[in-house]
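With the hints as constraints, model all of the structure from the sequences given.
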Amino acid sequence: MNRRNFIKNMGCGAMGSTTLLSSLTSLGALNGLTTFNKNAPGEDYKAIVCILFSGGIDSFNMLMPTGTTVNGDNGFSEYLALRTDLAVAQTPASFLALNNPQCSSFRGQTCAYTAFGVHPQMGGVRDLFNAGKLSFTSNIGTLIEPILTPNEYRNSLKKIPLGIYSHSDQIMQWQTSVPQSRDALGVGGRMADLLNANNANNGISMNISLAGKNIFQRGQSVSEYSISDNVDPNNVGLQSFPSWWGNQGLLQEMRTNAIDSLVGQTYSNLLQKTYSATAKESMASFELFKEALKRVPTITTPFPNTSLASDLAAITKVMSVRQQLGTKRQIFFVNYGGWDMHDGLLGGLNSKLPVVSQAMKAFYDSTVELGISENVTTFTISDFARTLTSNGNGSDHAWGGNNMIMGGAVNGGRIFGAYPKMDLSNLNSRNISYRGNFIPTVSTDEMYAELALWYGVSPSDLCYVLPNLGNFYSYSANNYPIGFMNFNQSPISTVNHPLDCLTY
Amino acid sequence: MKNNLLLATLLLCFQTSIAQSTKVFGKGNIKGVTVNASSNASNGIKTLMSTGYMPNPKASSRFLSQATLGPKLSEIQGIQNQGIESWLDSQFAMNPSFNLQNYVQNMHQSMVDSLYLKNPTGNYTLSNVFIDDWAFDVAWFQANMVSSDRLRWRVSLALSEIFVTSRISAFDNNPYALASYYDMLNKNAFGNYRSLIDSVTYHPAMAVYLTYLNNHATDTLGTKRVFPDENYAREIMQLFSIGLFEINNNGTEKKDINGKSIPTYDNDDIGNLAKVFTGLSWSHSRYLGDNNNVNDWSYTKRLKFFPVDSSEKYTRWWANPTTWRIVNGHEPGSKTFLNQTIPARPLADGELDIRDALDIIFNHPNVGPFIAKRLIQHLVSSNPSPEFIDRVAAIFNNNGAGARGDLRAVVRAILLDPEARDCCAEKENTAYGHLREPFLRYMNLINGMGLTNQSGIYRNVMVDLYDRIEQKPLYSPSVFNFYQPGYVPGGPLQAAGKVGPEFQMLNSLSFSNYMNALHKWIISNDPVEYWSIFSGEFYKSDQEPRFDITADYILAKDNRIKEFLDKYNLILAQGRIKSENMSIIQNVLLSMPITFDVNGVPDPTLADRRLRMGIFLIMIAPDYLINK
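Taken in sequence, the protein lines are chains A and B. Under numbering that gives the first Met the number 0, the first residue of the first sequence carries the number 0, and numbering increases by one thereafter. Under numbering that gives the first Met the number 0, the first residue of the second sequence carries the number 0, and numbering increases by one thereafter.
Hint data in this document are derived by calculation from the structure and do not stem from the laboratory. Treat the numbers as computed from the prediction; the structure is a model and nothing was measured. It is possible that some hints are incorrect.
Lysine-lysine pairs mimicking DSSO-like chemistry, simulated, CA-CA at most 30 Å apart [as the list claims (entries may be wrong)]: (1) A:K279 / B:K566; (2) B:K561 / B:K426; (3) A:K279 / A:K293; (4) B:K519 / A:K289; (5) B:K259 / B:K577; (6) A:K316 / B:K519; (7) B:K519 / B:K57; (8) A:K157 / B:K253; (9) B:K426 / B:K577; (10) B:K254 / A:K157; (11) B:K117 / B:K223; (12) A:K158 / B:K426; (13) A:K158 / B:K223; (14) B:K577 / B:K57; (15) B:K561 / A:K279; (16) B:K57 / B:K539; (17) B:K259 / A:K279; (18) A:K279 / B:K254; (19) A:K289 / A:K316; (20) B:K561 / A:K293; (21) A:K157 / B:K577; (22) B:K253 / A:K158; (23) A:K279 / B:K57; (24) B:K223 / B:K539; (25) B:K577 / A:K279; (26) B:K566 / B:K556; (27) A:K279 / B:K497; (28) B:K561 / B:K57; (29) B:K561 / B:K259; (30) A:K158 / B:K254; (31) B:K497 / B:K259.
Per label pair, the in silico range of CB-to-CB distance [to be verified]: (32) A:N70 / B:W317: 22 to 30 Å; (33) A:G346 / B:P476: 19 to 27 Å; (34) A:K293 / B:S531: 34 to 42 Å; (35) A:L249 / B:E427: 40 to 48 Å; (36) A:T83 / B:T321: 22 to 30 Å; (37) B:P476 / A:A130: 32 to 40 Å; (38) B:Q339 / A:N98: 51 to 59 Å; (39) B:T321 / A:G71: 54 to 62 Å.
Every residue, glycine too, gets a C-beta built ideally from N, C-alpha and C.
Below, the structure is given as structure tokens:
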């Protein structure tokens with residue numbers, strides 16, 4: 000940007016300016032003078048993107064074993080025999096093959112197979128995997144402490160998450176990673192509590208949601224700022240008065256001031272307090288966000304016309320004005336729902352998995368375009384996996400399943416954790432039901448710990464982000480919880496924050 | 000002792016003694032209050048509340064804000080003379096006055112007739128002319144514009160958010176399914192809970208939504224590995240009746256010796272109950288699994304039970320009958336859940352399993368406090384005291400005449416409870432009241448502004464409304480409703496250990512969307528969305544009315560603007576907007592230009608703008624948004 004544009008932008012920002020707004024404008028301009036949208040070498044920016052598949056995705060129909068070696072890796076046959084009418088294909092060749100996924104073992108559980116493929120509609124995900132930009136974690140789920148045998152589960156020798164198999168509990172626990180509590184803050188919120196101070200400007204929350212209120216982004220001191228996927232400065236905040244009313248500007252200012260005053264009053268009723276706090280924060284954010292969005296550059300990566308892709312495209316746009324927003328750390332939250340497929344499973348997956356795959360691929364490509372692919376890590380969560388056996392035309396609620404982690408800093412092209420055996424006999428130390436429900440091998444804590452270490456949470460602060468982590472992992476140099484992140488460009492943070500460990 | 004304290008508090012906040020000579024009572028008028036039990040502490044409250052108590056305007060408005068979808072000025076005035084109890088009696092005495100399904104079908108028929116008139120050779124029938132789901136919304140809105148059984152519609156809206164089915168499903172464009180289900184809720188709103196869960200269970204809209212339609216017995220013969228669908232078994236217990244954990248009659252959770260919550264059921268209970276809900280299909284089905292000839296009306300007829308799966312007789316009719324695979328449709332054998340066992344019985348009698356299972360659920364001690372709490376949260380307050388829940392649950396358990404599950408008695412108990420009626424409950428409980436849910440705000444406005452037209456026919460598709468506020472009847476994103484009853488928003492409520500269910504819908508985006516929706520409804524005066532029901536239909540502008548506030552223009556004068564704001568504070572906000580906020584709003588209005596004609600009458604255009612700005616700001620004030 001040259002000096003003339005700089006001044007023009009200043010002028011633009013000065014319209015209806017407030018103190019906060021002016022500081023934002025100058026900040027954006029200062030940071031953005033030479034490196035407007037592209038990542039400057041060494042720019043300290045990191046974003047985490049959480050994609051929630053609400054409803055409980057049947058992730059054993061997303062990532063499948065493909066081996067057909069009798070007395071060897073015979074994964075596909077075992078898959079077919081268990082899933083019967085829910086099998087995505089009758090031949091393993093129909094799945095999209097993953098190159099040498101190196102599925103090994105985790106906490107004493109060995110990976111049951113060596114050959115894997117993804118759902119035929121997930122070409123984008125296959126490409127990302129084979130290009131080393133995406134990995135899976137297998138048999139991951141909500142745990143308070145490791146549960147090594149079905150006996151430990153059946154006889155409650157180990158702590159069991161509250162309300163397993165219940166949507167409302169499990170979807171919450173995937174976001175809090177505190178399965179023994181129904182009052183916990185979210186993982187993203189707790190990370191933001193620690194790292195929010197790194198951001199030069201807190202006028203807009205570092206936690207931005209495309210899915211409204213959610214538990215994941217709720218911290219002690221940070222709550223989410225919700226936006227729509229229509230990222231357009233004219234679509235933020237209050238609508239203008241009709242032009243024929245005259246004195247539009249004055250009226251608008253009066254109205255805004257009045258709303259500010261109404262929500263800024265002191266209320267003794269807690270519901271009124273809660274409402275006015277949200278309203279006040281929102282009112283303060285609208286102008287800042289609107290001004291920042293005026294600087295969104297043209298992004299050429301094509302995004303499909305789906306709700307998930309639109310949400311992810313909106314995130315790309317917001318990240319493109321990270322400097323105008325004065326932020327070095329952001330956490331995004333997206334929900335793509337409709338996975339509770341008790342019925343119509345195969346058709347449902349056929350229509351939804353391509354949406355996932357295409358949107359994720361486009362999003363990754365757009366971060367490459369912005370030059371921040373190594374600064375952005377995306378991962379998927381869901382309520383639970385689903386029963387391996389059929390209920391006629393669908394599957395029911397289960398527990399451990401498979402998820403994805405994507406980004407330039409991911410050790411891609413691998414299946415971490417341990418993919419369980421498609422076997423319901425007593426020989427399978429993961430299975431706890433005639434329907435095919437697996438005890439998770441990897442805990443959500445371990446996934447989040449790996450992400451948090453990469454994101455800049457210091458090892459000693461991990462106990463604030465993940466109160467149960469000590470049951471699974473303790474930090475030592477070069478010993479990572481799961482291994483899916485590449486720490487070459489992200490040294491472990493030594494900056495500790497004065498927040499006490501949380502206990503529930 | 001507790002009752003004594005409560006009574007004392009009650010008396011204090013009425014600022015009066017029980018002496019009959021006192022004229023002011025709860026800031027209202029009294030007509031013939033009879034106090035005959037004040038010496039009996041346990042009944043004293045009830046006596047005070049129930050006999051002869053005439054509410055003042057604010058109390059009337061407040062009651063109506065809980066008992067209807069939004070007070071009208073005429074109703075506020077009416078109830079001041081009629082009294083709350085008598086109003087309730089008259090409401091309970093009314094039968095459901097409006098049949099949504101009939102209205103949808105009449106609309107549908109008029110589409111067919113109109114198309115026929117335009118093109119007599121077109122062979123138009125109800126079956127080949129498409130009618131979209133918004134016909135249900137038109138019917139729903141029409142019903143609420145013309146029906147006088149206002150309490151029923153308030154309760155049925157609450158029920159629709161507890162026994163959730165939604166058009167975000169396989170019947171997304173079928174207004175008959177929605178109308179039939181809602182009619183069923185209306186019919187059962189003041190009936191018995193046991194009948195309600197029977198009707199819900201046998202309604203195709205629920206069976207499709209929670210996927211137990213054509214649900215099949217366990218089948219593991221040969222290579223088959225098919226088990227009953229667990230969806231409904233889980234949600235009927237978690238969401239419609241008993242919840243996840245054992246609770247006391249006052250709604251608090253029971254604890255085991257280690258202080259842990261006690262789950263009401265485990266996955267084995269679910270697996271067994273799933274076996275109960277097998278064998279149900281469409282009323283017209285020839286066999287279990289038959290999805291042929293399903294049409295809009297299939298969703299309006301009670302499900303049919305099939306003990307045996309004889310599908311191959313129909314799907315392989317050409318084959319030798321000895322090769323047909325005839326298997327169980329309904330699961331045979333006994334089923335144990337919630338520590339009770341439904342006995343094994345002949346398969347042909349399998350439908351009795353469903354009856355028995357619903358009986359077991361119905362008689363679980365959790366149901367009373369569970370349903371009491373949910374209804375209280377919808378009608379009155381997000382955080383009722385355990386005592387409030389206990390009193391209402393007791394009525395659920397026994398309506399006084401020995402009947403369990405009497406919803407009429409439950410609704411009455413909720414609305415007449417001291418904690419609902421007492422003017423000062425909020426002083427003791429800083430989390431009293433609830434955030435008005437977005438759709439209620441809209442209906443508050445429609446009722447409060449007295450929207451009306453000449454013909455008495457309204458066509459409001461509420462499509463743009465849903466896009467803006469993300470809520471209207473039977474449009475929940477999941478069976479967990481638009482918001483969950485246990486939702487805890489961050490901040491002061493969380494710190495106090497209180498819930499704020501409706502806050503799950505509040506965020507920076509929904510906040511600005513709401514303000515912009517208000518802008519459209521009030522400032523742009525466009526509260527109703529009219530769509531043609533067939534192409535080339537003559538536009539009936541009368542069916543798309545606007546808010547008429549011309550009668551209030553005279554109040555736009557500087558010296559009367561307070562009167563105007565007081566009026567709408569009363570109607571829309573039950574007079575709860577505090578004086579500081581009223582001043583803020585008043586100052587905005589006073590700073591807007593106004594001119595007068597020679598007779599001192601305000602300029603209509605300028606008056607209109609002042610008043611609309613006032614209503615807009617009232618509906619943004621936190622003391623409007625929280626109804627307490």
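Comparing the hints with the structure gives:
Distance check on the hinted pair: A:K279 and B:K566 sit about 27 Å apart at the alpha-carbon level, within 30 Å; holds. Between B:K561 and B:K426 the CA atoms are separated by roughly 27 Å; this keeps the pair inside 30 Å, and the hint holds. Between the alpha carbons of A:K279 and A:K293 the distance comes to roughly 23 Å, so the proposed pair stays at or under 30 Å and holds. Taken as a hint, the B:K519 and A:K289 pair is honoured in the structure, with Cα atoms around 21 Å apart against an allowance of 30 Å.
Our distance criterion of 30 Å between C-alpha atoms is broken by B:K259 and B:K577, whose separation comes to about 43 Å. As the CA atoms of A:K316 and B:K519 are separated by approximately 29 Å, the hinted pair is consistent with the 30 Å bound. Between B:K519 and B:K57 the CA atoms are separated by roughly 28 Å; this keeps the pair inside 30 Å, and the hint holds. Using a Cα cut-off of 30 Å, the hinted pair A:K157 and B:K253 holds, with the two alpha carbons roughly 22 Å apart.
About 15 Å separates the Cα atoms of B:K426 and B:K577, which keeps this hinted pair within 30 Å; it holds. Taken as a hint, the B:K254 and A:K157 pair is honoured in the structure, with Cα atoms around 19 Å apart against an allowance of 30 Å. Taken as a hint, the B:K117 and B:K223 pair is broken in the structure, with Cα atoms around 55 Å apart against an allowance of 30 Å. Simply put, A:K158 and B:K426 have alpha-carbon atoms about 41 Å apart, too far for the 30 Å limit, and the pair is violated.
Of the pairs offered as hints, the one joining A:K158 and B:K223 is violated, with about 35 Å between alpha carbons and a cut-off of 30 Å exceeded. A distance of roughly 13 Å separates the Cα atoms of B:K577 and B:K57; the hinted pair therefore holds under the 30 Å criterion. Our distance criterion of 30 Å between C-alpha atoms is met by B:K561 and A:K279, whose separation comes to about 26 Å. Restraint check for B:K57 and B:K539: not satisfied, since their Cα atoms lie roughly 38 Å apart, outside the 30 Å limit.
Taken as a hint, the B:K259 and A:K279 pair is broken in the structure, with Cα atoms around 38 Å apart against an allowance of 30 Å. For the proposed pair A:K279 and B:K254, the alpha carbon gap of about 40 Å is over 30 Å, so the pair is violated. In summary, the hint linking A:K289 to A:K316 is supported, as the alpha carbons are separated by about 13 Å, within the 30 Å threshold. Restraint check for B:K561 and A:K293: not satisfied, since their Cα atoms lie roughly 41 Å apart, outside the 30 Å limit.
Under the criterion of a C-alpha separation no larger than 30 Å, the hint pairing A:K157 with B:K577 is inconsistent with the structure, at around 54 Å. A C-alpha spacing of about 19 Å is found between B:K253 and A:K158, which places the hinted pair at or below 30 Å, so the restraint holds. With a C-alpha separation of about 28 Å, the suggested pair A:K279 and B:K57 falls inside the 30 Å cut-off, and the hint holds. Restraint check for B:K223 and B:K539: not satisfied, since their Cα atoms lie roughly 59 Å apart, outside the 30 Å limit.
Taking the CA atoms of B:K577 and A:K279, the gap is about 18 Å. The hint holds against a cut of 30 Å. Proposed proximity of B:K566 and B:K556 is supported: the alpha carbons are some 15 Å apart, at most 30 Å. Proximity of A:K279 to B:K497 is assessed by CA-CA distance (about 21 Å); at most 30 Å being required, the pair is judged to hold. With a C-alpha separation of about 17 Å, the suggested pair B:K561 and B:K57 falls inside the 30 Å cut-off, and the hint holds.
Using a Cα cut-off of 30 Å, the hinted pair B:K561 and B:K259 is violated, with the two alpha carbons roughly 55 Å apart. About 16 Å separates the Cα atoms of A:K158 and B:K254, which keeps this hinted pair within 30 Å; it holds. With a CA separation close to 20 Å, the supplied pair B:K497 and B:K259 stays within the 30 Å bound. Taking 22 to 30 Å as the suggested C-beta distance range, the pair A:N70 and B:W317 does not conform, at roughly 42 Å.
A hinted range of 19 to 27 Å holds for the C-beta pair A:G346 and B:P476, which are about 21 Å apart. In this structure the hint that A:K293 and B:S531 lie 34 to 42 Å apart at CB holds, the actual value being about 39 Å. One distance hint, 40 to 48 Å for the beta-carbon pair A:L249 and B:E427, holds here, with the actual separation near 44 Å. A hinted range of 22 to 30 Å for the beta carbons of A:T83 and B:T321 is consistent with their spacing of about 25 Å.
Separation of B:P476 from A:A130 is about 35 Å and conforms to the stated range, judged on CB atoms against 32 to 40 Å. The supplied range of 51 to 59 Å is met by B:Q339 and A:N98, whose beta-carbon atoms lie about 55 Å from each other. Restraint check, B:T321 to A:G71: a C-beta distance of roughly 42 Å breaks the suggested window 54 to 62 Å.
This entry does not satisfy hints 5, 11, 12, 13, 16, 17, 18, 20, 21, 24, 29, 32, 39, going by the numbered hints stated previously.
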